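J.: Model the full assembly from the supplied sequences, consistent with the hints where possible.
Counting in numbering that gives the first Met the number 0, the sequence shown runs without a single skipped number right up to 55 at its last residue.
Think of the hints as simulated: they come from the structure by calculation, not from any bench. These figures come from a predicted structure and were not determined experimentally. Ideal Cβ placement from N, Cα and C applies to all residues, glycine included. One should not assume that every hint holds.
To be verified - Simulated DEER-style distance windows between Cβ atoms:
1. Gln4 <-> Ala37: 44 to 52 Å
2. Tyr43 <-> Gln9: 55 to 63 Å
3. Phe7 <-> Arg45: 50 to 58 Å
4. Met0 <-> Ala22: 21 to 29 Å
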Amino acid sequence: MKFIQKWFEQIAGVSQEERQRWALARQIYSTQHIDVMALQRPAYWRRKARVSGVHR
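T.: This is the structure in structure tokens:
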């Protein structure tokens with residue numbers, strides 16, 4: 000039965016391996032949503048303050 004399924008997918012042009020490659024490509028190269036509003040402030044305002052201990 001698996002042989003018939005694989006044969007049919009090859010004739011139809013879409014194999015399981017091809018679908019797995021497409022899914023992996025979508026996962027890797029999909030567009031990430033970026034918060035553009037956070038970039039409206041200057042970089043030094045976006046950075047967290049570094050608090051260091053007082054050296055005596």
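J.: It remains to establish, for every hint, whether it holds in the given structure.
T.: A quick look at each hint next to the structure:
1. Gln4 <-> Ala37: 44 to 52 Å: Because 48 Å falls inside the window, the suggested range holds.
2. Tyr43 <-> Gln9: 55 to 63 Å: With a Cβ separation near 58 Å, Tyr43 and Gln9 satisfy 55 to 63 Å, so the hint holds.
3. Phe7 <-> Arg45: 50 to 58 Å: 54 Å, holds
4. Met0 <-> Ala22: 21 to 29 Å: Once the Cβ atoms are compared, 23 Å apart, the range 21 to 29 Å for Ala22 and Met0 holds.
The structure fails none of the hints (numbered hints given earlier).
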